[in-house]
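There are 4 protein chains.
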Amino acid sequence: MSGQRIGVLVAVCAALGAAIILPAARLATQAAPQGPAPLANDPKLIEDLVYANRILYQQEVLDGFGHVSVRSDKDPSHFLMSRSMAPALVTSNDIMEYDRDGEPVDARGRNSYVERYIHAAIYRVRPDVKAIVHSHSPDIIPYSVTGTILLPVYHVTAFLRLGAPIFDSHDAFGDTDMLIRDNKLGDGLAKVLGNSGVALIRGHGFVAVADSTPIVVYRAIYTQLNARVQTEGMKLDKIKYLTPGEAEKAQAIVEATVGRPWELWKSQVGKIQ
Amino acid sequence: MSGQRIGVLVAVCAALGAAIILPAARLATQAAPQGPAPLANDPKLIEDLVYANRILYQQEVLDGFGHVSVRSDKDPSHFLMSRSMAPALVTSNDIMEYDRDGEPVDARGRNSYVERYIHAAIYRVRPDVKAIVHSHSPDIIPYSVTGTILLPVYHVTAFLRLGAPIFDSHDAFGDTDMLIRDNKLGDGLAKVLGNSGVALIRGHGFVAVADSTPIVVYRAIYTQLNARVQTEGMKLDKIKYLTPGEAEKAQAIVEATVGRPWELWKSQVGKIQ
Amino acid sequence: MSGQRIGVLVAVCAALGAAIILPAARLATQAAPQGPAPLANDPKLIEDLVYANRILYQQEVLDGFGHVSVRSDKDPSHFLMSRSMAPALVTSNDIMEYDRDGEPVDARGRNSYVERYIHAAIYRVRPDVKAIVHSHSPDIIPYSVTGTILLPVYHVTAFLRLGAPIFDSHDAFGDTDMLIRDNKLGDGLAKVLGNSGVALIRGHGFVAVADSTPIVVYRAIYTQLNARVQTEGMKLDKIKYLTPGEAEKAQAIVEATVGRPWELWKSQVGKIQ
Amino acid sequence: MSGQRIGVLVAVCAALGAAIILPAARLATQAAPQGPAPLANDPKLIEDLVYANRILYQQEVLDGFGHVSVRSDKDPSHFLMSRSMAPALVTSNDIMEYDRDGEPVDARGRNSYVERYIHAAIYRVRPDVKAIVHSHSPDIIPYSVTGTILLPVYHVTAFLRLGAPIFDSHDAFGDTDMLIRDNKLGDGLAKVLGNSGVALIRGHGFVAVADSTPIVVYRAIYTQLNARVQTEGMKLDKIKYLTPGEAEKAQAIVEATVGRPWELWKSQVGKIQ
Numbered sequence: 004m005s006g007q008r009i010g011v012l013v014a015v016c017a018a019l020g021a022a023i024i025l026p027a028a029r030l031a032t033q034a035a036p037q038g039p040a041p042l043a044n045d046p047k048l049i050e051d052l053v054y055a056n057r058i059l060y061q062q063e064v065l066d067g068f069g070h071v072s073v074r075s076d077k078d079p080s081h082f083l084m085s086r087s088m089a090p091a092l093v094t095s096n097d098i099m100e101y102d103r104d105g106e107p108v109d110a111r112g113r114n115s116y117v118e119r120y121i122h123a124a125i126y127r128v129r130p131d132v133k134a135i136v137h138s139h140s141p142d143i144i145p146y147s148v149t150g151t152i153l154l155p156v157y158h159v160t161a162f163l164r165l166g167a168p169i170f171d172s173h174d175a176f177g178d179t180d181m182l183i184r185d186n187k188l189g190d191g192l193a194k195v196l197g198n199s200g201v202a203l204i205r206g207h208g209f210v211a212v213a214d215s216t217p218i219v220v221y222r223a224i225y226t227q228l229n230a231r232v233q234t235e236g237m238k239l240d241k242i243k244y245l246t247p248g249e250a251e252k253a254q255a256i257v258e259a260t261v262g263r264p265w266e267l268w269k270s271q272v273g274k275i276q
Numbered sequence: 004m005s006g007q008r009i010g011v012l013v014a015v016c017a018a019l020g021a022a023i024i025l026p027a028a029r030l031a032t033q034a035a036p037q038g039p040a041p042l043a044n045d046p047k048l049i050e051d052l053v054y055a056n057r058i059l060y061q062q063e064v065l066d067g068f069g070h071v072s073v074r075s076d077k078d079p080s081h082f083l084m085s086r087s088m089a090p091a092l093v094t095s096n097d098i099m100e101y102d103r104d105g106e107p108v109d110a111r112g113r114n115s116y117v118e119r120y121i122h123a124a125i126y127r128v129r130p131d132v133k134a135i136v137h138s139h140s141p142d143i144i145p146y147s148v149t150g151t152i153l154l155p156v157y158h159v160t161a162f163l164r165l166g167a168p169i170f171d172s173h174d175a176f177g178d179t180d181m182l183i184r185d186n187k188l189g190d191g192l193a194k195v196l197g198n199s200g201v202a203l204i205r206g207h208g209f210v211a212v213a214d215s216t217p218i219v220v221y222r223a224i225y226t227q228l229n230a231r232v233q234t235e236g237m238k239l240d241k242i243k244y245l246t247p248g249e250a251e252k253a254q255a256i257v258e259a260t261v262g263r264p265w266e267l268w269k270s271q272v273g274k275i276q
Numbered sequence: 004m005s006g007q008r009i010g011v012l013v014a015v016c017a018a019l020g021a022a023i024i025l026p027a028a029r030l031a032t033q034a035a036p037q038g039p040a041p042l043a044n045d046p047k048l049i050e051d052l053v054y055a056n057r058i059l060y061q062q063e064v065l066d067g068f069g070h071v072s073v074r075s076d077k078d079p080s081h082f083l084m085s086r087s088m089a090p091a092l093v094t095s096n097d098i099m100e101y102d103r104d105g106e107p108v109d110a111r112g113r114n115s116y117v118e119r120y121i122h123a124a125i126y127r128v129r130p131d132v133k134a135i136v137h138s139h140s141p142d143i144i145p146y147s148v149t150g151t152i153l154l155p156v157y158h159v160t161a162f163l164r165l166g167a168p169i170f171d172s173h174d175a176f177g178d179t180d181m182l183i184r185d186n187k188l189g190d191g192l193a194k195v196l197g198n199s200g201v202a203l204i205r206g207h208g209f210v211a212v213a214d215s216t217p218i219v220v221y222r223a224i225y226t227q228l229n230a231r232v233q234t235e236g237m238k239l240d241k242i243k244y245l246t247p248g249e250a251e252k253a254q255a256i257v258e259a260t261v262g263r264p265w266e267l268w269k270s271q272v273g274k275i276q
Numbered sequence: 004m005s006g007q008r009i010g011v012l013v014a015v016c017a018a019l020g021a022a023i024i025l026p027a028a029r030l031a032t033q034a035a036p037q038g039p040a041p042l043a044n045d046p047k048l049i050e051d052l053v054y055a056n057r058i059l060y061q062q063e064v065l066d067g068f069g070h071v072s073v074r075s076d077k078d079p080s081h082f083l084m085s086r087s088m089a090p091a092l093v094t095s096n097d098i099m100e101y102d103r104d105g106e107p108v109d110a111r112g113r114n115s116y117v118e119r120y121i122h123a124a125i126y127r128v129r130p131d132v133k134a135i136v137h138s139h140s141p142d143i144i145p146y147s148v149t150g151t152i153l154l155p156v157y158h159v160t161a162f163l164r165l166g167a168p169i170f171d172s173h174d175a176f177g178d179t180d181m182l183i184r185d186n187k188l189g190d191g192l193a194k195v196l197g198n199s200g201v202a203l204i205r206g207h208g209f210v211a212v213a214d215s216t217p218i219v220v221y222r223a224i225y226t227q228l229n230a231r232v233q234t235e236g237m238k239l240d241k242i243k244y245l246t247p248g249e250a251e252k253a254q255a256i257v258e259a260t261v262g263r264p265w266e267l268w269k270s271q272v273g274k275i276q
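Chains as they are written, first to last, in this note's numbering: chain A, 4 to 276; chain B, 4 to 276; chain C, 4 to 276; chain D, 4 to 276.
For the record, the hints were derived by calculation from the structure and aren't laboratory data.
It is possible that part of the hints are untrue.
Note: identical chains are not told apart, hence a pair may lie in one copy or across any two.
With a straight-line cut-off of 30 Å between C-alpha atoms, the simulated BS3-like cross-links for lysine-lysine are [claimed, not checked]:
# : residue 1 : residue 2
1 : Lys187    : Lys241
2 : Lys269    : Lys252
3 : Lys243    : Lys187
4 : Lys252    : Lys241
5 : Lys77     : Lys194
All values derive from a computational prediction rather than experimental measurement.
For reference, chain A alone in the conformation it holds in the complex:
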C-alpha cells in the first residue's frame, strides 16, 4: 500500500469522523449560556420560576403577554421576575431582581414589564405570598366585565373560597390605559385582593397569588378552568357551589398533592435550553 493511497484512506475516514464528531462538539460549546452574572438566589427557585413561565404559556394561561414572579429568598422585600419578553421564551438568564417599589436592582439596559407594580404592591402587603401570576386570560375577561363573581364550582378550585373580588381601575382612577403602571394602581389592586388567592382586573385579566411557585401556577391554570366550567353550568341551571366548609377542607387536601400535576407539567415542557 502506497503512502498516497493510505493518505486518501485516512482523509476519507477522518472526514467521516469529523462529520460526526464536530457538530456534536459545536452544540456542546453553544450550550454554555452567556449574559449577566447569575443572581445569588437559590438556583432551584430560579429554575422553578423559568418553568412556571414555560408551563403557563403551554397551558395557555399566558400568551405573548402576562408574567410571573417569586419573592426573593435572599431579601424578602425584593422579588424576581423575567425582563420584559414573551413568557414562552424566558430562560434563567432573563431573570432580574426588583426592590420593594418594583424598580430593577441591576437593569444593565434590560427592559422591565410595565406592570411590575402588580407584583411589588402585593408583596408589600401580603407577607404570606411568595409567588404571583398576572394573566390576560380570555376565559376570565367575561367575569371581569360583567361583575360576575368566580366561585369554586368543584374541589380542584376550592382555593377560590368565597369568590374572586374584582378591581376596576375606573372607580378610583377614571379613564386610564388599563395597565397597573405605578404603585398607586398596584396598591388599589392589592387592597381589593385582600386575603384572597385570586382577584380579577376589569377589562384586563386576573392575578393569582400563593406561597409557592407550584401552587401559584396551579391556581392560575385552575382559575381559568373554573371560569369555563362555571360559564357552562350557568347556562344549564342554578349552580350549587362548594360550601365554605367544603372549600376550606378541599383546598387543603388538593394543594397538598400539587406535586403530581406540577411534575407532569414540567415533563411536558421538557428540558429548557
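Got chain A sorted already, so can you dock chains B, C and D onto it with the hints?
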C-alpha cells in the same frame, strides 16, 4: 504502511463504529424495566390497563388527576390500579394490587390514590363490573352542580340509558373535602350508581363502569362528548333523546364494535416504554 | 500491513456500512404493499378517496366511526368504499367495490361497514351524486335532536341552500338501533335528502353528497363549521341567513375554487404509506 | 495488502462518506429559490408580508381562504399581495404587485385573488393604511349576521374603539355571490369602514387595517379573540366595555408593544423555505 499509521486508522474507524453501535447497545440495556417483581396477572390485562391510562389522558378525559382500574383475573375480590401518579406517565411497573377494602396488597412504600375506595366499593356490589374510570372532566362538572341529568343524545352514548344519577356527598356527609376517601363514602357513591354505567359526583367529576377495559374507556370518552353535545342542544331547543327502546338496541350494537376506536386510540398512543 | 489487521479494518468499516445501509434497504422493501389484487378503477379516483378518509379524520369530521365513498367510474351502479375500519388508517389496499344494493363484489373475508346502505340508497336515486360522506359530528347532533334547520350563515356554506332536512328513523320505523342497516332505512334517508347537498340523521349524524370527492369533503367540513357559527349567532340575536339568490350565486363561485383548500388539506395529510 | 483489497476498502469508506456528505450538498442546492425575477421592494417589507400569511394561518385567522396585503414602499398607489393560493403556503416568490385599481402589474400567468378589490379600495381612500387583512373567521360571522357590534371588551382590543361597523352587500347590491369582486363593491366596503381599524362583512368575514404589518396581524388576531370573549360575556350579563377615553389610551400603549407578540409569532412559524 507503518504500524503507527495503521493504529491511527483503526482508531478512527473504531471510534466511528463506537459512535454508532454503543448508544444503540445502551438503549437496549435501558429498555429492561426495573422495579418490584411483576404481578401474576394476565399480562394483556395489565397492558390494556396501562393503555387505558394513556388513552384517557390523550383524549383529555384524565389530566394530572383521575384513575382507572380493572378487576383482578386471579382473585375477583381484588383489583389492579396504578400507584398514585399522573395517568399520562403510567407504565406496567406502576400497577399495584388492591384487596376488597381498597388496601394495597404489597405496597413496598408506593403511594396509593386517596380515592381508591371509589373502585373498591363498586367492585364489591357490582359483580358484572370489570373496569372503572374516575375523571374530573370539566365538561361533566356543570351537570353535577346543577342537578341536570345526562341523557343519551345520540346512538354512540346509548349506554347512558335512562340517565346518569348524581351523588352529592353533602346530603349524607355534610361538609367534607369532596374526596371519596373511605369505604363509607365509596358505598354511598356505589348505591347511587346502582345498575347504571355512569354516575356523576357533585362538584367533583364522574365515574364510568363496564365489563371490559375497552368499553369503560369508550364510555368515559363518550360521556364527556355527550355532555358537550347535550349542552349545545339545550341552547337550541328541547332535545328529543333516545327512547328507552332505541337506547337498549343502540348500546348493544355500538359496544360490539368498540374494537375499532380502541385500536385507533392505542395506535395514537403508540409504543409505551 | 498484515492480512489479519486488514481483515479487522475491513470488518469494522463493513459494519459501519451495514449499520447505515441495511436499515434503509429494509424500509424500502417494507414499502411494497401487500393484499388483494388492486381494483380496475382509475387510480386517481382511489387515491382521492383515501385522501378523503385521512383529511376528514384530520379535520375532525370523522373519528373512529363514519365513512366516505365514491361512485365507480367503471360501473356507475357500483361504488367504492373502505372495508370496515377507522378512516384515519385507510390505505388504497382497503378499498372495496359494492354493488347497487350495497353488497360487496369481492369481499375475500373483509368486513364491510354496517351502514353502507346509506351510500347504496343515495347512489340509486341521485345520478348526479358521485361522492358521499357519513359523519357522527358532535357539532351537528344538537341540530338533529332539536329539529333545528341548518341554514347557510355565510358564503362558504351556501351549498346548504334552503336548509338541511332531518331524517328521523323513529317516524316510520319506531325503536331501532339508530343505524341505517338495510336498504329500507337507506331509502327512507335518501327520500328525506331529496335534492339537497346535506341531510341530518336524528341522534346519529349527517350525510353530505356531491358530484366530486373534493367537493363532498369540502361540504362535510363546512357543514360542521356552519353548525358552530349558527349556534353562536343564535345566542346573539336573530340571524340574517343568505337569501336564496345569494346562496345560489355564492355556491357556484365558492365550489369553483375548492381546489385551493383541497390541495392544502392533502398537503397537511402528507404522503400516505 | 493487494490493490484489490485496498480498492474494496476505499470503496466502502467512500460510500460511507458519500452517504453522509451528498444529501447535505443536495439540500444546500435545493435552497436556491426559482421563479419570477424578485420585486424591487424592500426585502424586509416582503419578508414580513410572507410571515403575516404564515402567522395568520397558524393563529387560525386565515384558513384555505383569506389574504393579507401591504402598500408598496416604491409606489404608494400600488400594493403587494400573494398570488391566489392558500396563505399557509405563501413564499416571497408568490408576492405580486397590484395597481391602484387592483389589477396585477406583471401577472405572468399567475392567478390573483378575486377579492383584491377589498385591498385596492381601502388603499385608495385611507392614506394612513399600510397593511390589510381579510379573513373569513367563524368567530366573527355571528356578529356580522346578527348586526351585533363588536366593542372593546379588554385593553388588548382597544383598537376596536367605538365599535366595528358592518357592511352588507345586500343593502346596495341585492343578491350577489357575496364576494367583493369589483371596485364598486370595494368602494362600498371602504365607505362603511370609514376611519375604523376593523369592519365586518355580513355573511362573509371581516377586514382589519393598520399602518404596519405587525399591527394589522395583531388586530386581526385580537379581533377574533374579542369576539369570543364578548360572546361569553354577553351570556353572563351586561358588559362594561372600555370607555372611549380608556380605549384611546389603551390602544396607544398596547400597540407600542406589538413587537413582543410579533417576534413570538414569527418564532412559532420558524424559518420559511
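Here's how the hints hold up against the structure:
Only between protomers do Lys187 and Lys241 lie at most 30 Å apart by alpha-carbon distance; the minimum there is 29 Å, versus 38 Å within a single protomer. In the homo-oligomer, the alpha carbons of Lys269 and Lys252 lie at most 30 Å apart inside one protomer (27 Å), although the nearest pairing across protomers, at 38 Å, exceeds that limit. With identical chains, the CA atoms of Lys243 and Lys187 are at most 30 Å apart between copies only, with a shortest distance of 23 Å across copies and 38 Å within one. With identical chains, the CA atoms of Lys252 and Lys241 are at most 30 Å apart within one copy only, with a shortest distance of 23 Å there and 34 Å across copies.
For a Cα distance limit of 30 Å, the shortest separation of Lys77 from Lys194 inside one copy, 26 Å, qualifies, whereas the shortest one across copies, 55 Å, does not.
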